[in-house]
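Colleague: Residue numbers (our numbering), protein chains in the order written: chain A, 578 to 898; chain B, 50 to 402.
If you're looking for bench data, these hints aren't it; they were derived computationally from the structure. Values in this document were obtained by computation on a predicted structure and should not be read as measured data. The C-beta atom is built at its ideal place from N, Cα and C for all residues, glycine as well. You may find that some hints are simply not true.
Covered stretches of chain A, going by a simulated chain B footprint (3 or more residues, C-beta under 8 Å) [what the hints assert, rightly or not]: (1) 689 to 699; (2) 728 to 739; (3) 792 to 798; (4) 828 to 837.
Residues of chain B clear of chain A, computed beta-carbon distances all greater than 10 Å [to be verified]: (5) R66; (6) P72; (7) K94; (8) D101; (9) Q132; (10) E146; (11) A170; (12) P174; (13) Q194; (14) N283; (15) F287; (16) P338; (17) D342; (18) L373; (19) G390.
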Amino acid sequence: MTEETMIDIRNLSVTFRPGRKPVKAVNGVSLSVKAGEVVALLGESGSGKSVTMRSLLKLHPKGTLIEGAIDVAGHDVMQLSGRALSDMRGATVSMVFQEPRLALDPVYTLGQQIEETIMRHEKISRSAAAARALALFEKVRIPSPERRLKNYPHEMSGGMLQRSMIAMALACNPKVLLADEPTTALDATVQIQILLLIRELQKEYGLSVIFVTHDIGVAAEVADRIAVMYAGRIVEEGPAVEIIRNPKHPYTKGLLGARVELAHGRDRLITIPGAPPDLTAMPPGCAFAPRCPQATDICRVDVPALTAASVDHSVGCVHYG
Amino acid sequence: MISVVEQPSSDLAVGERGGPAQPLISVRGLVKHFPVKGTGFLKPKKVVRAVDGVDFDILKGETLGVVGESGCGKSTTARLLMQLMSANEGDILFDGEKVGGALPLADYRRQVQMVFQDSYASLNPRLTIEETIAFAPKVHGVPAQTAMARAHDLLHRVGLEPSRFAGRYPHELSGGQRQRVNIARALALEPRLVILDEAVSALDKSVEAQVLNLLLDLKRDFGLTYLFISHDLNVVRFMCERVMVMYLGKVAEIGSRYAIFEETRHPYSSALLASMPKMDPSERTLEPPLSGDPPNPIDPPPGCRFHTRCAFAEPVCSEKTPGLATVSAAHSAACLMSVPGSGHSRAPVMAEA
């Protein structure tokens, strides 16, 4: 591990065992994020993007099988458990969730919740923690912060709650911020405010950010690099500009081609036929082969490995080019 | 021989009587206030002004898009149109006939159907999808066998092979497939108008594109009219001939797609357009076009409701409420900057009579 690598995931597989049929939601994902870098995990629902990210904090239900190696800021996450894991959560790695209303406790004020977070990780008096909470609310630009700290979650709008969530995530000066579709539930006008805020704070704190989204536009607004996931695997990874201007994998090409923005004057959209595969019954070979216009026999036999298309752009397709 | 003058034109089907130029739906002065908890004792009773005086037309065969932030009243407008709740004030005319007046509600409901955002919550989990689709025709007196045959035909039309899917329950389908079932159900009564309330918002992008194509095909084949509610302006731009922008229960701007997207007059519409994420990482947004959240519709600001967030606001904006002013034949905006002689420094000069 080089010095500036903050997150290093190697060959991660996550299998849920809710009933008789095990579901392999993540299937051999490797990803590394440098210090101060923003990586977007882009994919449709069920592609394993959220599961990959939650593995960094081991936020999976009991009995979930996690294989592979995860290294975050020098901690070997796979070996952590109990107290050591709790010490890392929130202090080194913190997370912003999609639904702030579900992630915040409805019976405590926002101020109490932020103070609790700070006091859990640092030996600090309540009044000092309260002062930190106020500074954080000012940082995320919540109007009249003193009054807002005394509010309960139900008294605030979605945009304000998401700002509070970000404030809470930053409370203990983490090195890594995980954002799980933090703007999906928000209006477009508020979404762009939150995206700009995350970008600004990321620069200021030098955070490494993993940003999970299904919206290419959002990824283009925040990310330095984009990793595209499909059916539990990363199929393409590279700098944001490269991925958007010069996609190599047929799935990425399909996603970018299906955008409605491109359809001016046309009366039909180009679509990717079919639907993502069932994770309990994955096809052998490339998971995208059944929907892929370029698929040949070899695609249905072997899973293509990620190969370098250029220095920092890799593609998991035998036909790329 | 003298024929009866007041011959009701009921020999023509509902929705055909007014001729092609008559708007399919005309909404005039629609108001819906929701009372907020509280007795009104000692304090004035408070209401949420969800829809506060809205006028618009839906022309025959068009797709009218409705955009706006959450809480602007787009879904309430749709529910009022569906008569899922009754309006406090205002009239809905369907093809020139007053709904609930000249046109009985049962006849109207057959002509107007709706597809909701949550595909799972809007299906009965205990009915197979063929039963779901055949349900409404049976209620309206279609024989069971005919209704079932129609259901199979519709399933085929929305791309779900009846032999594979007809007997399935909603939980056995994916989100995109469920939304196709909802669309088929909406078409089962052969309506003229289909209200699509964020119908594709919950779908993945690649599935969304498939469903949008399906909607376009169905519109052409069945001669439908759509009211298309969405927060995704790119989708609205693709789907709709005309667009209505709503803000805090009022219409901010309404006009053709070209007028709204290329000749935007209302500052709120411009801000909405500027808020869309850019696809090019080298052209990232640097300043948020709007700050803060929309104000509370319980206590909307006086005058123009947008003046608290508007970059061009002047003192006159908090005093005068702008009405919808005609900008061109196919374009109106509710902004003092578009009203001649309104007192706003950017308003056009009043033409000399």
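Colleague: Hint by hint, note whether the structure agrees.
Modeller: Outcome of the hint check:
1. 689 to 699: Check failed, 0 qualifying residues.
2. 728 to 739: holds (count 4)
3. 792 to 798: holds (count 6)
4. 828 to 837: holds (count 5)
5. R66: Given that every Cβ of chain A is farther than 10 Å from that of B/R66, nearest at about 30 Å, it holds.
6. P72: At about 24 Å from chain A, B/P72 clears the 10 Å cut-off, so the statement holds.
7. K94: 21 Å, holds
8. D101: 19 Å, holds
9. Q132: 27 Å, holds
10. E146: Fine: 32 Å to the nearest Cβ keeps B/E146 off the interface.
11. A170: 17 Å, holds
12. P174: The claim stands: B/P174 keeps its Cβ more than 10 Å from every Cβ of chain A (closest is about 19 Å).
13. Q194: 32 Å, holds
14. N283: 5 Å, violated
15. F287: 4 Å, violated
16. P338: Incorrect as stated: the minimum Cβ-Cβ distance to chain A is 7 Å, not above 10 Å.
17. D342: 4 Å, violated
18. L373: The claim stands: B/L373 keeps its Cβ more than 10 Å from every Cβ of chain A (closest is about 22 Å).
19. G390: Given that every Cβ of chain A is farther than 10 Å from that of B/G390, nearest at about 31 Å, it holds.
Hint violations for this structure: numbers 1, 14, 15, 16, 17, all remaining hints satisfied.
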